[in-house]
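With the sequences and hints as input, model every part of the structure.
One line per chain: the protein sequences are A, B, C and D, in this order.
Heads up: the first sequence begins at 21 in my numbering, then just goes up one per residue.
Heads up: the second sequence begins at 4 in my numbering, then just goes up one per residue.
Heads up: the third sequence begins at 4 in my numbering, then just goes up one per residue.
Heads up: the fourth sequence begins at 92 in my numbering, then just goes up one per residue.
In short, the hints are calculated from the structure, not lab data.
Heads up, a few of these hints could be off.
[To be verified] Here are the simulated EDC-like pairs of lysine to aspartate or glutamate, each with C-alpha atoms no more than 20 Å apart in a straight line: (1) K165/C x D311/B; (2) K96/D x E167/D; (3) K337/D x E111/C; (4) K149/D x D93/D; (5) K123/D x D311/B; (6) K337/D x E174/C; (7) K121/D x D313/B; (8) K165/B x D263/D; (9) K135/A x D156/A; (10) K233/C x E222/C; (11) K202/A x D229/A; (12) K96/D x D313/B; (13) K287/D x D311/C; (14) K280/A x E315/A; (15) K165/B x D235/D; (16) K149/D x E117/D; (17) K284/D x E57/C; (18) K190/D x D173/B; (19) K252/D x E215/D; (20) K335/D x D173/C; (21) K202/A x E148/A; (22) K137/D x D311/B; (23) K165/C x E105/D; (24) K438/A x E277/A; (25) K392/A x E381/A; (26) K230/B x E381/A; (27) K268/D x D313/C; (28) K165/B x E242/D; (29) K337/D x E216/D; (30) K190/D x E174/B; (31) K289/D x D263/D.
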Amino acid sequence: MSSAYLQFDQVSKIFPGVKALNGVSFEARAGQVHGLLGENGAGKSTLLKILGGQYRPDGGRLVVGGQERHFSSAADAIAAGIAVIHQELQYVPELTVAENVLLGRLPQRFGFVNKAAARQLVRTRLAEIGVDLDPDARLMDLSIAQRQMVEICKAVLQDAQVIAFDEPTSSLSHRETEVLFKLVADLRAQGRTLIYISHRLEELYTLCDACTIFRDGRKVATHPVMAEVPRETLISDMVGRELNDIYGYRARPLGDERLKVTGLHGAALREPLSFSVRSGEVLGFFGLVGAGRSELMRLLYGADPRSQGQVALDGQVVSPRGPSAAIDAGIVLCPEDRKEQGILAESSVAENINISCRRHELLGGLFLRHRKEAARADAFIRRLRVKTPNREQEIRLLSGGNQQKVILARWLAEPGLKVLILDEPTRGIDVGAKNEIYQIIHEVAESGCCVIVISSELPEVLGISDRVIVMREGRISGELSRAAASETAVLSLALPDMQTQATAQAITA
Amino acid sequence: MNTLTTPSSSSTSPSTSTASDRPAMNSKHRAWLNEHSMTLGYALLFVVLAFSVENFFSAANIVGLMLSVAQIGMVACTMMLCLASRDFDLSVGSTIAFSGVLGAIILERTQSVGLAIGGGLLAGALIGAGNGVLIAYLRVNALIATLATMLMVRGLAFIVSKGQAVGIADESFISFGDTRLFGLPLPVLVAAACFVVFGVLLNHTVFGRNTLAIGGNPEAARLAGVKVEKLRVWIFLLQGVVTAMAGLILASRITSGQPNSAQGFELDVISACVLGGVSLLGGRARIFGVLIGVLIMGTVENVMNLLDVDAFYQYLMRGLILLAAVLLDQLKTRGAARR
Amino acid sequence: MNTLTTPSSSSTSPSTSTASDRPAMNSKHRAWLNEHSMTLGYALLFVVLAFSVENFFSAANIVGLMLSVAQIGMVACTMMLCLASRDFDLSVGSTIAFSGVLGAIILERTQSVGLAIGGGLLAGALIGAGNGVLIAYLRVNALIATLATMLMVRGLAFIVSKGQAVGIADESFISFGDTRLFGLPLPVLVAAACFVVFGVLLNHTVFGRNTLAIGGNPEAARLAGVKVEKLRVWIFLLQGVVTAMAGLILASRITSGQPNSAQGFELDVISACVLGGVSLLGGRARIFGVLIGVLIMGTVENVMNLLDVDAFYQYLMRGLILLAAVLLDQLKTRGAARR
Amino acid sequence: ADPIKIGFLVKQAEEPWFQDEWRYAEQAAKEKGFALVKIGVPNGEKMIAAIDNLAAQKAQGFVICAPDVKLGVAVERAAKRNNLRVMSVDDQLVDGAGKPIASIPHMGISAYEIGKQVGNGLAEEIKQRGWNMAEVGALRMAFDQLPTARERTQGAVDALKAAGFPAANLVDAPQAKTDTESAFNAANIAFTKQAKFKHWVAFGMNDEAVLGAVRAAEGRALREDAVVGIGIGGSQTALNEFAKPKPTAFYGTVLISPKRHGYETVLMMQQWIASGQAPAAVTLTTGTLMTRRNQDAVRKQMGL
Ligand SMILES: Nc1ncnc2c1ncn2[C@@H]1O[C@H](COP(=O)(O)OP(=O)(O)OP(=O)(O)O)[C@@H](O)[C@H]1O
Ligand SMILES: Nc1ncnc2c1ncn2[C@@H]1O[C@H](COP(=O)(O)OP(=O)(O)OP(=O)(O)O)[C@@H](O)[C@H]1O
Ligand SMILES: O[C@@H]1[C@@H](O)[C@@H](O)CO[C@H]1O
Ligand SMILES: [Mg+2]
Ligand SMILES: [Mg+2]
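Here it is as structure tokens:
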């Protein structure tokens with residue numbers, strides 16, 4: 021086997037109020053995929069930002085290919101053969117796929133961009149790695165998944181020796197994930213040094229040769245042979261406690277039909293859609309990327325204009341005309357894209373939690389109750405184990421997963437809840453917190469609410485739902501009870517018609 | 004209704020926020036410095052000037068200084084909200100002129116101070132609401148929309164006054180500009196009241212918080228139930244009313260409604276806000292910063308006049324001092340910056 | 004060399020982009036409309052005016068119109084870059100005045116046209132680079148930084164000229180302002196050249212694409228290895244040089260360097276850009292749009308004078324037409340917008 | 092007693108005219124040994140602030156050219172409040188109803204009168220050249236937003252009419268701003284509209300406006316033999332034109348003496364403060380038409 025190509029030696033990074041990395045050392049070998057795991061806020065992304073030249077470490081050394089390196093900018097890291105795919109996607113929405121992929125190194129002649137060459141280059145290389153994207157499409161016109169794929173291609177096409185992936189699959193679904201896995205395997209075969217961060221253990225087992233586990237900015241353990249590490253060890257290393265059944269599903273008696281959606285139609289759907297949810301029910305929505313799940317829920321929530329259809333709650337037509345009307349009716353939606361639709365980046369953690377639910381407790385309908393708000397914020401920070409120095413920290417300074425927790429808290433804090441819609445709620449969230457969120461989902465359901473969970477993680481959908489609706493290309497392609505919802509059954513409903521059952525089985529296997 | 008609002012006790016597991024104490028202290032200090040550096044800077048400047056510039060630290064001069072920034076101060080309060088919500092308003096200068104002219108004309112025709120003030124404020128409200136509707140509902144770019152209103156309102160001011168200053172004879176109206184209470188002229192007290200009211204509005208009400216929210220991320224705010232469009236209209240409407248009030252006060256101080264007054268006023272107000280740390284990209288505003296920004300602007304001018312600085316060199320000095328102020332502010336945030 | 008060059012078989016599975024063809028067609032149409040609606044609108048306006056306004060469609064008037072927007076046009080080209088990179092420049096008006104004055108003074112002292120032009124351009128370059136350094140490296144807010152330079156440079160213009168217009172006697176320098184080539188005055192040709200050069204720069208060079216990138220997402224650009232700070236300085240430097248050129252041309256047209264010329268010029272230029280679809284939030288710019296924006300501004304003024312519109316009503320009309328232009332533009336993007 | 096300190100407030104500090112006024116006032120201050128404070132007051136608000144500021148620095152009186160004559164009452168009140176003596180220069184202050192304020196002494200010439208001198212100068216030159224008035228267009232460079240600008244041009248119009256100039260031949264060219272380029276653009280359009288005139292006369296609020304008209308005329312091959320422009324101010328802008336090797340259509344400018352206005356007003360004020368002797372209620376000065384030919388003589392006569 022090759023020797024360690026990349027070495028972190030006692031690397032530390034301190035932010036105001038947070039010791040993000042505290043003397044971390046480990047090595048990654050060429051021709052291997054080295055997994056990084058750890059709770060939200062454990063310091064994984066910070067490490068990659070140091071590797072990518074975005075941050076300078078406050079202590080320690082970085083050795084690449086036997087040479088000690090000190091990067092003062094991202095450009096330095098790129099020059100040293102390092103490519104990083106960051107957790108927060110970093111693309112230019114107004115530029116095309118080709119321009120984004122080649123940003124910083126557009127092919128040129130006397131300063132002029134050789135557009136044809138750029139387009140051609142990107143088209144062929146994308147085809148080679150099996151990604152089907154139009155090089156001329158602008159990023160702003162693509163779905164998040166597609167943007168994520170562009171980011172991946174940008175890094176991969178740098179032909180760097182070291183490639184680091186920070187939760188690349190968090191916004192991908194099966195199709196792209198499959199492409200990505202193939203890509204990672206190919207890169208490994210070429211002898212590249214790969215670092216791979218994910219909260220999905222299955223994924224890590226599939227891809228990684230070795231792994232290092234972080235907790236609170238420290239390295240807890242390095243396991244040189246991934247396959248030999250039991251799942252329980254990983255979890256307890258990471259969370260500091262045992263977790264048996266992370267879904268913690270509890271059967272519960274379902275009440276009457278509470279939410280009824282009839283003939284809802286809007287821009288991204290192919291036909292009017294109808295479904296209903298019973299009181300106390302957790303309804304899972306599964307589908308491939310672009311299947312229209314988010315779109316459907318946005319129509320329900322009034323976030324996008326609907327062309328027809330109605331929404332009834334407890335037998336009364338509510339059909340909200342906008343999010344604020346929906347919230348007043350007791351319907352809330354936790355959106356899928358936390359950066360664009362979720363966080364108020366400049367505001368504090370407390371503010372992000374209280375923004376909506378505070379309206380129930382105002383003095384004279386106008387003035388805030390600071391103490392109540394602070395108490396609520398602190399309670400959720402504790403309960404969801406949000407890693408933040410205090411509730412006044414700006415949310416943008418939190419790690420990705422912790423931001424997600426804060427946004428979830430915003431909706432869980434809602435007192436008049438009747439329908440809770442969660443769009444990819446556990447995206448980027450660690451196992452421990454996932455478990456906590458599933459607990460809350462069950463609690464909410466037990467209190468008589470309807471819970472709708474959109475997820476692209478099949479095990480998750482199957483693990484927590486009483487019933488699963490599967491969507492495909494803007495239509496509902498099927499509905500399965502918990503008992504009937506096997507992976508194969510769900511996938512065969514989700515995949516395009518021409519795909520055979522066999523493919524579904526192949527993926528599941 | 005459910006247990007969610009009172010988080011369960013199971014969650015008390017020994018805290019995830021493990022930050023050691025030292026850096027936390029550090030960050031508190033830094034945050035404090037961050038919050039107050041401008042104020043400290045201004046205080047320092049003030050002390051230095053008090054000792055070095057003759058006549059600066061006298062009751063008469065300080066009152067004069069405050070009076071000179073009273074209008075800017077009032078409008079800066081609402082401009083702060085406007086910028087905080089990621090908007091922009093170029094029409095305030097024209098609105099000042101128009102409301103002053105209109106008030107003077109109404110006063111001339113009806114002899115009623117009440118009608119004059121009411122008319123002026125109503126005009127301001129309509130202009131503001133118009134801006135708001137254009138920007139929030141018709142989605143016109145704020146720069147262009149308020150540039151258009153700026154032109155139109157200025158035109159109206161000229162048209163209704165036939166381009167002439169409209170004299171004001173009413174004693175009670177005029178006296179508003181120079182009556183003193185507790186030694187302070189009324190305009191200064193009104194400006195102070197604005198700072199208090201809008202400070203409370205920004206920090207202690209839903210209105211203020213939602214304003215920051217739509218400035219920080221309009222889409223997220225909308226999905227969180229904020230009625231973005233309505234709020235925007237309200238912000239502009241408020242801005243219009245306060246600006247009209249400033250216009251009426253100015254008219255009373257200069258005993259006439261002047262259709263060409265307050266040209267370039269918008270830039271002064273926006274600059275004061277930005278100097279006070281309000282972000283043009285929205286989502287960030289501090290009323291105290293705005294107050295300091297306004298005072299800096301006023302002090303610079305005051306001192307240059309006290310020192311009899313040549314008109315041409317005043318340009319140079321004003322530029323230099325602006326730069327010095329932001330650079331100072333920059334210096335201390337340097338460490339705190341991302342890298 | 005590796006498997007990457009031999010496409011893996013599994014990857015031929017049909018696409019991650021599931022958008023059907025119909026909407027794609029639709030979106031092409033829409034994009035086209037989006038791209039050209041302003042142009043179509045202007046073309047329509049032009050034809051209507053040509054038929055309805057006497058003297059409008061005459062060679063003399065069209066040339067006059069173009070001449071009246073030549074300076075704005077030149078500077079709008081670089082302002083477009085500046086806005087596209089999410090910056091802002093208020094100092095252009097002062098730079099026009101200063102470079103004109105400086106050029107005139109140098110000419111007076113040395114009688115050398117070359118030195119005068121060189122000196123003016125160099126001054127512009129320095130002012131621009133100064134802005135760039137302040138903003139890119141010292142991270143001063145662009146509004147405040149360029150406001151400060153605006154004041155300082157205006158002050159310098161007054162100081163070096165002692166507040167007086169500086170006469171230009173040199174025939175060859177003056178003739179630049181009114182020489183005609185192919186029936187078009189040189190300033191118009193220079194402006195046209197600017198549009199071509201900066202259009203190419205924006206769309207076909209790495210410089211231009213990186214400019215859009217840092218405006219669209221500075222962090223992404225930096226992470227991709229773009230030298231953001233350096234690029235910013237270059238953009239401002241270019242802006243300074245082009246503005247100085249405009250100032251020299253203006254001086255040659257009015258046969259003197261006037262220290263108080265071009266006040267408020269910055270707002271005109273920025274408005275023309277925004278009207279032409281350049282986003283103040285960066286990342287979006289089209290040279291053609293800017294051209295149309297500049298022409299709209301010039302045409303409105305031209306036509307109002309041709310029609311003898313009263314000065315006071317001109318304000319009203321200018322505002323209304325600005326609004327009409329953006330509302331029209333808004334209407335068609337309505338459907339396309341995400342909302 | 093405190094040393095004498097006198098303020099000199101002017102509406103457009105950047106204008107050469109006011110720079111000159113200040114310079115001569117400074118000269119007087121130096122000669123007589125009192126302090127002079129010069130402040131630019133571009134608008135009413137700044138004007139009030141400046142008066143307060145003067146009081147704060149213990150001045151005893153000030154001379155002012157206010158941004159608008161209707162600010163008279165405001166000036167009067169601010170002066171009274173601060174216990175300052177005040178006299179006006181250049182533009183006479185009026186009250187809300189438009190009547191001159193008696194309690195404020197004045198030295199100057201009315202804007203309308205300057206304008207009339209321009210008009211008379213133009214009429215005279217038309218006669219000199221033997222032009223047929225029916226073939227002459229009169230270009231009024233208009234900036235009616237500014238009261239003085241309107242009054243000046245109105246004076247010129249009235250004088251031309253009085254000399255028999257046909258009202259129908261008056262052409263307005265509204266400037267968007269007060270600079271030369273705006274004047275150029277406005278004049279250009281006016282020439283386009285009114286191609287029928289063989290000859291032109293041009294006037295405006297200042298030298299810059301007329302210069303714009305002259306340059307625009309040259310662009311249409313209308314030169315010094317076909318156009319007569321007379322400006323106001325006698326600024327460097329005008330002198331530059333006169334200094335050109337060949338005469339241009341910038342025929343002349345009405346010069347008023349900044350020396351008298353600057354020097355004499357502060358002296359009057361000093362007298363007032365020192366000995367309580369108030370200046371005459373109104374002192375009128377006159378303007379003189381200065382042309383290429385008589386420029387040296389006129390400037391000498393004005394003490395420049
Ligand atoms: N710029 C910053 N300023 C202040 N604190 C920061 C900053 N960047 C990161 N942190 C803090 O450093 C810690 C580590 O963050 P990091 O993003 O590395 O976590 P992570 O392991 O990637 O978590 P996740 O799984 O949620 O992505 C967190 O507590 C985070 O809040
Ligand atoms: N920002 C966007 N711009 C253009 N089209 C979009 C955008 N977002 C989604 N779409 C399109 O809308 C349709 C439905 O997307 P939607 O996001 O609702 O799917 P989804 O099932 O929720 O998938 P995902 O897992 O990506 O959230 C798809 O055709 C998708 O390509
Ligand atoms: O403003 C003018 C000034 O320019 C000078 O011409 C004298 O009179 C004043 O009214
Ligand atoms: Mg992370
Ligand atoms: Mg979705």
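Inset, instruction - Sort out whether D311/B lies within 20 Å of K165/C, counting only the CA atoms. - result: holds (17 Å)
Inset, instruction - Compare the distance between the alpha carbons of K96/D and E167/D with 20 Å, and conclude whether the hinted pair is satisfied. - result: Distance of about 19 Å is within 20 Å: holds.
Inset, instruction - For the pair we were handed, K233/C and E222/C, check the Cα-Cα distance against 20 Å. - result: Holds: K233/C and E222/C sit about 15 Å apart, inside 20 Å.
Inset, instruction - Verify the proposed pairing of K438/A with E277/A, using a straight-line Cα cut of 20 Å. - result: Judged against 20 Å, a Cα distance of about 12 Å means the pair holds.
Legend entry - Straight-line alpha-carbon gap K123/D to D311/B, limit 20 Å: Holds, at roughly 19 Å.
Legend entry - Pair hint outcome, K337/D versus E111/C [Cα-Cα no greater than 20 Å]: Answer holds: K337/D to E111/C is near 17 Å, not above 20 Å.
Inset, instruction - Decide if the proposed pair is consistent with the structure: K165/B and D235/D, CA atoms, cutoff 20 Å inclusive. - result: Roughly 10 Å separates the two Cα atoms, so the pair holds.
Inset, instruction - For the pair supplied as a hint, K268/D and D313/C, confirm whether the alpha-carbon distance does not exceed 20 Å. - result: holds (15 Å)
Legend entry - Pair hint outcome, K337/D versus E174/C [Cα-Cα no greater than 20 Å]: Since the Cα atoms of K337/D and E174/C sit roughly 11 Å apart, the hinted pair holds (cutoff 20 Å).
Legend entry - Distance restraint between K137/D and D311/B, which requires alpha-carbon spacing of 20 Å or less: holds (15 Å)
Inset, instruction - Take the C-alpha atoms of K149/D and E117/D, compute the straight-line distance between them, and say whether it is at most 20 Å. - result: holds (18 Å)
Legend entry - Given pair status - D173/B, K190/D, alpha carbons within 20 Å: holds (16 Å)
Violated hints for the displayed structure: none, as all numbered hints are satisfied.
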